Amino acid sequence: MTKNNNGLILEVNNLVVRYETMDGIVRAVNGIDLKLGYKRTLGLVGETGAGKTTTALALLRLVPDPPGIVECEKLEIDGENILTFDSDKLDQIRGKDISMIFQDPMTALNPVYTVGEQIAESIELHEHVSKTEALKRAGDMLELVGIPRSRANDYPHQFSGGMKQRVVIAIALACNPQLLLADEPTTALDVTIQAQVLELMHELKEKYNTSMIMITHDLGIVAEICDEVAVMYAGRIVEEGTLEKVFNHTKHPYTEGLFNSLPNVKDRKAKLKPIKGLMPDPMDLPPGCAFAPRCDYATEACTQKVPTLTSIDEAHRVACIRYDEPDFHIERRILS
Amino acid sequence: MSDPILEVRNLKKYFKTSRGMLHAVDDISFTIERGKTLGLVGESGCGKSTTGRAILRLIEPTSGEVIFEGVDICKLSGEQMRKKRKDMQIIFQDPFSSLDPKKTVNQIIAEPIRENRIIRDKHKREDRVLELMETVGLAERLINTYPHELDGGRRQRIGIARALAMEPKIIICDEPVSALDVSIQAQILNLLKELQESMGLTYIFITHDLAAVNHFSDDITVMYLGKIVEKAPVEDLFTNPIHPYTRALLSAIPVPDLSEKRRRISLKGEITSPVNLPDECRFAPRCYECIDRCRQGIPPLVEVAPNHFVSCFVHS
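Quick mapping for you: the protein sequence lines, in order, are chains A and B. Position 173 of the first sequence, counting from 1, maps to 173 under the working numbering, and the rest follow consecutively. Position 62 of the second sequence, counting from 1, maps to 62 under the working numbering, and the rest follow consecutively.
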């Protein structure tokens, strides 16, 4: 591929995704910019309906159309403008240059093919090798994710949830992609199995120099595996920056709310401070800052205009009009 | 001083399967004090939900006693049990499947009141429903809506209102917040805590989420493959976990705190099948401290410190 990419594996400008349905227009993603350097891991954080998964699907150009409409000023992966690709060309990069780990391993696998065949499929397609060779490499992939190759001829239902997720990871990594989109890869798993899978992903990422976008709602996982964080709310990024900046110098009231909602392992007496109210309906977003109706710091001005993502320093950006007022400060519960 | 509301003795629940006996709950005993919360913790397949259901006899225990306020409810007849269930309610994990989609909020909350003939007058019943809705923080205008019109948090509030309708003494909360978003989880946890304080409720809080259980419980019981591996007051369990499984479980929680660099104990393999278990410590196949003794029998639950029980040959 051409290397005219400013050292970025991924660059997205002003991504907008909306679903035009009978009931109205669902505004899932409302203008987000993403930049990801090689070998970096970005945590895309937010709650149900924030637009995280839609963003990932849009990067793969997998948003169903209709009803989905994707608009984007720039979508470059490794310097290639994906927006100009036709479906044949997209098939060539999906699973090879960019691949995705889906949230639910129970439904991401095809029940009537063996796991070996499912891993071999993408190898056969992308690397133009014989079926026998592809199956052999599928066996290698299984071993890589900690499953004996003798199980390549088993069907998905013969595996536990954690093992199935390993198979899904093996499929995603089979062709050694440069960019991996992991959509809540451990949400369906038990905590000890989650720890195993995260460790595995971390190892493989180091080994193959993969860049990754980790979609999750779990700030603990972000702390463990990501270099950078982007917090999404109602289809917009409200705060982004390095892990250290977002976690230790939180600036957006929504990020604050996410942290303060978590039970604190260290201080069990501390009362949880939930974010009041509910996520807005993406069909009927409030004017101005979408978080304003739930925000304790909101003023009249917040409802007037959508705040833009502003740089605090080179490693930290926030979309809140009040962040630099002298008397404005976030109340993060002390974590340690 | 001590006022146990519920005592579980040697509770067992086995299921017959084509491959042999499945030991879902295998001889567990514990006690809960009135007004307290017992956290029942473990991963998928450890038998925690089966325990919750067996206590209410929603599934019949294979053997054992469940003594509620001095009465062994396992010996009660169907009709007696029906009456007893007014005192013992359950909140389910999934607020999407535990509510009848064809009933309105009003009908769902009123159902136990009507079925048990507590309030026969329809209008008075509706007043009671409104009162319950207010208690759990549901707006009055939602009374005639259907579950599908509401979000997960509100649906879980309906489940809570329905459980409260009988003015129970004990509520079994089976993963009540697992299906909800973080900010909504905190709302529901706070609500449950407030209700406990105002109504003197006793909870059994079944969960895999150790952070939530830590916040919520007075005592914690950790289960693995149908057995209790450790039980202790919550502070003890978190500051001084003893069983290798408990320690691994605690170390596996991802903590959103950058200053904390913990050593993770990573477990090999996965939970073994609960069918036809050999006569050895259930955790032995995955244990990083396993010695020969562990393979030669099931370790008893031993009190290693006041109220702190551990089932492990190495640590007791």
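Note that these hints are calculated values from the structure, not bench results. Predicted model only: the values in this text are computed from it and were never measured. Watch out, some of these pointers could steer you wrong.
With a cut-off of at most 30 Å between alpha-carbon atoms, the simulated BS3-like pairs for lysine-lysine come out as follows [stated by the list, open to error]:
1) K276/A / K266/A
2) K269/A / K96/A
3) K36/B / K269/A
4) K16/B / K103/B
5) K266/A / K86/B
6) K83/B / K103/B
7) K16/B / K271/A
8) K75/B / K124/B
9) K193/B / K273/A
10) K124/B / K266/A
11) K84/B / K273/A
12) K124/B / K207/A
13) K205/A / K268/B
14) K266/A / K36/B
15) K136/A / K89/A
16) K269/A / K75/B
17) K122/B / K84/B
18) K75/B / K102/B
19) K273/A / K74/A
20) K16/B / K36/B
21) K102/B / K16/B
22) K269/A / K84/B
23) K39/A / K36/B
24) K124/B / K169/B
25) K169/B / K16/B
26) K122/B / K276/A
27) K305/A / K276/A
28) K266/A / K305/A
29) K124/B / K102/B
30) K131/A / K89/A
31) K271/A / K169/B
32) K273/A / K122/B
33) K131/A / K74/A
34) K276/A / K36/B
35) K271/A / K124/B
36) K268/B / K136/A
37) K276/A / K103/B
38) K12/B / K102/B
Need the status of pair K16/B, K271/A: alpha-carbon distance at most 30 Å? Between K16/B and K271/A the Cα gap is close to 44 Å, so the pair fails against 30 Å, i.e. violated.
Restraint check for K36/B with K269/A, where alpha carbons must lie at most 30 Å apart: holds, 15 Å
When you check the alpha-carbon spacing of K122/B and K84/B, does it fall within 30 Å? It holds: about 24 Å lies between the C-alpha atoms, which stays within 30 Å.
Would you check the hint for K131/A and K74/A, treating anything up to 30 Å between C-alpha atoms as holding? Given pair K131/A, K74/A is violated - Cα atoms ~37 Å apart, limit 30 Å.
Distance restraint between K12/B and K102/B, which requires alpha-carbon spacing of 30 Å or less: At roughly 36 Å apart (the allowed maximum being 30 Å), K102/B and K12/B break the hint.
Next pair to validate is K269/A with K75/B; report whether the Cα-Cα distance is within 30 Å. violated, 39 Å
Can you confirm whether the C-alpha distance between K83/B and K103/B stays at or below 30 Å? Judged against 30 Å, a Cα distance of about 24 Å means the pair holds.
Do the alpha carbons of K276/A and K266/A lie within 30 Å of each other, as the hint requires? holds, 24 Å
Proposed proximity, K207/A with K124/B (alpha carbon, max 30 Å): violated, 68 Å
Quickly compare the C-alpha distance for K266/A and K86/B to 30 Å and report which way the hint goes. Roughly 37 Å between the alpha carbons, so the hint for K266/A and K86/B is violated.
Compare the distance between the alpha carbons of K124/B and K169/B with 30 Å, and conclude whether the hinted pair is satisfied. holds, 23 Å
Proposed proximity, K268/B with K205/A (alpha carbon, max 30 Å): Holds, at about 21 Å.
Violation of the numbered hints given earlier is confined to hints 2, 4, 5, 7, 8, 10, 11, 12, 16, 18, 19, 20, 21, 22, 23, 25, 26, 28, 32, 33, 35, 38; the remaining hints are satisfied by the structure.
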